[in-house]
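Protein sequence lines, in the order shown, are assigned to chains A and B.
The numbering of the first sequence is numbering that gives the first Met the number 0, which starts it at 0 and goes up by one.
The numbering of the second sequence is numbering that gives the first Met the number 0, which starts it at 0 and goes up by one.
There may be inaccurate statements among the hints.
As the list claims (entries may be wrong) - DEER-style ranges, computed between Cβ atoms: (1) B:His404 <-> A:Glu118: 41 to 51 Å; (2) A:Arg135 <-> B:Glu115: 55 to 65 Å; (3) A:Ala11 <-> B:Ile390: 28 to 38 Å; (4) A:Gly326 <-> B:Pro313: 58 to 68 Å; (5) A:Ser141 <-> B:Pro313: 31 to 41 Å.
Said to hold, decoys possible - Some chain B residues judged to face chain A by a derived CB distance under 10 Å, without partners named: (6) Arg231; (7) Gly473; (8) Glu475; (9) Leu476; (10) Glu477; (11) Glu478; (12) Ser479; (13) Ala480; (14) Trp487; (15) Ile494.
Hints in this document: simulated from the structure, not taken from any laboratory.
These numbers were taken from a predicted model, which means no experiment stands behind them.
For glycine and all other residues, C-beta sits at the position ideal for the given N, C-alpha and C.
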Amino acid sequence: MREVELRDVAKAFGPLVAVNNVSFHVTDGEFLTLLGPSGCGKTTTLRMIAGLETPDNGTIRIGERVVFDQDQLLNVAPEKRNLGMVFQSYAIWPHMTVFQNVAYPLRWRKKQSQRDMSERVRSVLELVGLQGFENRPATKLSGGQQQRVALARAVAFEPDVLLLDEPLSNLDAKLRDYMRFELRAMQKRLGTTAIYVTHDQEEALTLSDRLIVMNGGSIEQIGTPLDVYLSPASRFVADFIGKTNFIPADSLKEDGRKENVCASLSTFNGAVTLRAPVDRVRASARLEPGSTTWSVRPEKITIEPAESDRQEAPDLNFIPGRVSARGFLGDRIEYLVAVSADVSVRVTTPPAQDWPMNMAVRLVFSSSDALIFH
Amino acid sequence: MDKELSLQSSPFLTRAYRYVVTPSGLYYLLALLVVILTLYPVGTLVVASFFTGRPGMLGEPTLRGYQELLTIEGLWPVLLNSLIYSSILLAIGLVVALLFAWAVARTDVPYRGLMEVLIPIPFFTPDLLTGLSWVMLANPHNGLLNQWAIRYLGTEGALVNIYGWGGLFFHSSFSAIALLFLLLIGFFYTMDPAYEEASVLSGAGKYLTVFTVTLPMMAPGILGASILQFIRGLEAFENPLLFGSQAGIYVFSNEIYRMVNYRFPPQYDTATALCVFLISITFLLIYIQWRVIGPRQFTTVTGKGYRPSRIKLPPAVGWSIFALFVVYFLLAIVVPTFQIIASSFFKVFGIWNLDHLTLDNWREVLGEQRVMVGLRNTLVYSTLAGVGVVILSGLIGYVRVRTRHWLGRAMELLAWLPWTIPGIVLSLALLWSAAIPPPPFALYGTTAIIVIGFIINALPLGTRTIQSAIMQVGQELEESARVHGASWLNTAGAILIPLLRLGITATFVLVFALSARNLTIPILLYGPGQQTLTVAMLLYIEEGLYTTLSVAAVIQLAIVVAILVLERVTRPTAED
Numbered sequence: 000m001r002e003v004e005l006r007d008v009a010k011a012f013g014p015l016v017a018v019n020n021v022s023f024h025v026t027d028g029e030f031l032t033l034l035g036p037s038g039c040g041k042t043t044t045l046r047m048i049a050g051l052e053t054p055d056n057g058t059i060r061i062g063e064r065v066v067f068d069q070d071q072l073l074n075v076a077p078e079k080r081n082l083g084m085v086f087q088s089y090a091i092w093p094h095m096t097v098f099q100n101v102a103y104p105l106r107w108r109k110k111q112s113q114r115d116m117s118e119r120v121r122s123v124l125e126l127v128g129l130q131g132f133e134n135r136p137a138t139k140l141s142g143g144q145q146q147r148v149a150l151a152r153a154v155a156f157e158p159d160v161l162l163l164d165e166p167l168s169n170l171d172a173k174l175r176d177y178m179r180f181e182l183r184a185m186q187k188r189l190g191t192t193a194i195y196v197t198h199d200q201e202e203a204l205t206l207s208d209r210l211i212v213m214n215g216g217s218i219e220q221i222g223t224p225l226d227v228y229l230s231p232a233s234r235f236v237a238d239f240i241g242k243t244n245f246i247p248a249d250s251l252k253e254d255g256r257k258e259n260v261c262a263s264l265s266t267f268n269g270a271v272t273l274r275a276p277v278d279r280v281r282a283s284a285r286l287e288p289g290s291t292t293w294s295v296r297p298e299k300i301t302i303e304p305a306e307s308d309r310q311e312a313p314d315l316n317f318i319p320g321r322v323s324a325r326g327f328l329g330d331r332i333e334y335l336v337a338v339s340a341d342v343s344v345r346v347t348t349p350p351a352q353d354w355p356m357n358m359a360v361r362l363v364f365s366s367s368d369a370l371i372f373h
Numbered sequence: 000m001d002k003e004l005s006l007q008s009s010p011f012l013t014r015a016y017r018y019v020v021t022p023s024g025l026y027y028l029l030a031l032l033v034v035i036l037t038l039y040p041v042g043t044l045v046v047a048s049f050f051t052g053r054p055g056m057l058g059e060p061t062l063r064g065y066q067e068l069l070t071i072e073g074l075w076p077v078l079l080n081s082l083i084y085s086s087i088l089l090a091i092g093l094v095v096a097l098l099f100a101w102a103v104a105r106t107d108v109p110y111r112g113l114m115e116v117l118i119p120i121p122f123f124t125p126d127l128l129t130g131l132s133w134v135m136l137a138n139p140h141n142g143l144l145n146q147w148a149i150r151y152l153g154t155e156g157a158l159v160n161i162y163g164w165g166g167l168f169f170h171s172s173f174s175a176i177a178l179l180f181l182l183l184i185g186f187f188y189t190m191d192p193a194y195e196e197a198s199v200l201s202g203a204g205k206y207l208t209v210f211t212v213t214l215p216m217m218a219p220g221i222l223g224a225s226i227l228q229f230i231r232g233l234e235a236f237e238n239p240l241l242f243g244s245q246a247g248i249y250v251f252s253n254e255i256y257r258m259v260n261y262r263f264p265p266q267y268d269t270a271t272a273l274c275v276f277l278i279s280i281t282f283l284l285i286y287i288q289w290r291v292i293g294p295r296q297f298t299t300v301t302g303k304g305y306r307p308s309r310i311k312l313p314p315a316v317g318w319s320i321f322a323l324f325v326v327y328f329l330l331a332i333v334v335p336t337f338q339i340i341a342s343s344f345f346k347v348f349g350i351w352n353l354d355h356l357t358l359d360n361w362r363e364v365l366g367e368q369r370v371m372v373g374l375r376n377t378l379v380y381s382t383l384a385g386v387g388v389v390i391l392s393g394l395i396g397y398v399r400v401r402t403r404h405w406l407g408r409a410m411e412l413l414a415w416l417p418w419t420i421p422g423i424v425l426s427l428a429l430l431w432s433a434a435i436p437p438p439p440f441a442l443y444g445t446t447a448i449i450v451i452g453f454i455i456n457a458l459p460l461g462t463r464t465i466q467s468a469i470m471q472v473g474q475e476l477e478e479s480a481r482v483h484g485a486s487w488l489n490t491a492g493a494i495l496i497p498l499l500r501l502g503i504t505a506t507f508v509l510v511f512a513l514s515a516r517n518l519t520i521p522i523l524l525y526g527p528g529q530q531t532l533t534v535a536m537l538l539y540i541e542e543g544l545y546t547t548l549s550v551a552a553v554i555q556l557a558i559v560v561a562i563l564v565l566e567r568v569t570r571p572t573a574e575d
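Okay, chain A solo, but in the shape it has when bound (with noise of 0.2 Å):
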């Protein structure tokens, strides 16, 4: 019952079509991030569900309500939607202290005795581990007490959806680490239906139930977390999402067998044939023909001798190279090896494997770790 649909929206700015028709649908309780580089729209479409941005095309709809419909001129106004909100700057009064902050919400919505809503108050300040801060003036707070003021004000009232503007985002990273498990428990203790907006990767695939990664306007992929990262719609999803490599290769040729297709790729030490399975070509890939991008994670290619004795096997692929370059990160190693006169690719290993520059050497992965793209 408190779901949350947009079909069709659309908002432009003058020229800037900020979103481009988006649709999409969230369920009772989930918790559901909208992920995307700065100008996607992901806040633009926030702020349309919140009320604070007038959609140019479409229909939102809160639980059974329908806030906004282009069509029968229905906008519902910002405060009679029944959100709770955190702002990216948190947005917390300075002209009044941390109680009358939490009560506001209260104080308009629900008609409630005064001590009703102090006992709300208390009780949601204790929730945000704020408990005995109620007389502080709301300018004499810490940020990350400035950020946890502010959830308690969103759920004060017990908000059909909880929307969220990357609310860590101003927090130093220590504690953002830690306010980021402390959110996503409240959220499921509270049971409420949350949108998420942020650029930060790390934050969506920990936090999320479902992430809708946004590019331009569009949506690019929806999915669980998992789905995201292993599986990315377009080669914008695999660079946004984790780290990636890009490798340029040739057009696409039938393999041997029905299930594959494979692609040469040119090396120092002559052209090497790249497998994958048929479902690892994206749409794009196989729609228009000509030179291919194989995406691998650094992480699913190890490093092995170039002299080494394994044997080729059609679920493989290998690639020979140089180490050009390394550093030591403390819980791993990264390498980029050269592979052509213009192509490198970047590996991470456990610290313990320590292959010295210039060495010769041969990258393995599995041909179902590689996505195909135009």
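Given chain A, put chain B in place with the hints provided.
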């Protein structure tokens, strides 16, 4: 912002409703008001310059005003006088202000902290006030200095004569120096000392570096400040009126005033034509200034990013500069203020005999109709103007900052337009435009038109002040209130206005100050019982009632000081 509406019955009605009742419709109404205030008066003036009539009666179309200007009336002497006045004033101001600013910011001149605080003060003191005091001190007929010279030095005739070019430059230079100092000091503070150190290491020496590196690098800033001061010179009214008219020196402003007020019948056609010339020139100069330094007029660079090494001056040089400052401050502020206060307590003007010490002047004045009416009018008009500008510029600023509506930008530009219009031109424009509409909108001769004049005059600075205050209130503070259940009006009342408290106060005080000291607006617009304190003071000096004038001036001074104190107290600080 958005109304909940689902009037499905008639699409036309719903669209009409959306257009008229939603904020967009209100923006158009607001914009209409701004157009009436800013474009209409000056537009009327331009049109009127091509007609023979007088306010209330347009008359026949004619080019006579322009013809007379170019032939009989002599535009050229006026133009020449104005250019001489503005240029020489700028030269004096620039030399002294650069010396002061450089000394305060970059040298170890004695008492530089004190100098930095005191040098700008003449800019904030009304020229009318100190000017009147200097007329009382140094007019050739019964000026105090001349009376004393005859009595104690045995001179014959007047020793000093404040009327004429000398007196005009003497008194005008104080506020010019103060303004240029304010505009330039920031550049000295924020210049990276590495540029100068590189010059010194290249062998130029510290004094040569001032001329080869420091000043040339500041050239764009100096040019911008110079154009601003030059425009102020062209627009100046009080100084030419007090010191020029008596000696037959007429520049744009006092010539326009003379044509309307001291000719019978008033020469409206030539006066309006002269106005058109003047605003053409100021407009052109302001356009040039925009091209040179951009639209920000008063924003000096603040924040002392660098801690430049200070040049060690030889004691003689340092103390000379300090002495120059002392003379400047004595003549600009201390002497005229002291004279006015003292004169208000002596029975006969000029005879400072302790036996003659009296409160009679005060008693007399406080019982006198004209001063008390003037005081009341000044307070009432300035308060109304303050409230008016706060509301008007608050709405303009809100639309500009918080919506993406094109009218926001348009209204901001319109609200800035009066900045380019000299006070005397605005005054004449209002005289004309107020007489045109039919009753009840004909405001000719009403109190309202004076208040409207004050509002228009203060609109540019008022809008800028309140707009920057609105910008400092993060948009999310309001949005957060909306999402959490407060309507637009509740948000304005509970969030926006409390947070803007200081900005609103600052704007009100600024408008009040600008209005209370204003002479040019009421001087052409006042009718019986409508004179302000500034007008009353001008009438007293013309009638030679010096002791009464002193009392009125002290009252005016008290208002000014009270406002300056208020401004200090209410100025938004970093913590807010």
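Self-check item: Hints violated by the structure (listed by number, smallest first)
Solution: Violated hints (numbers, rising): 2, 5, 6; every other hint is consistent with the structure.
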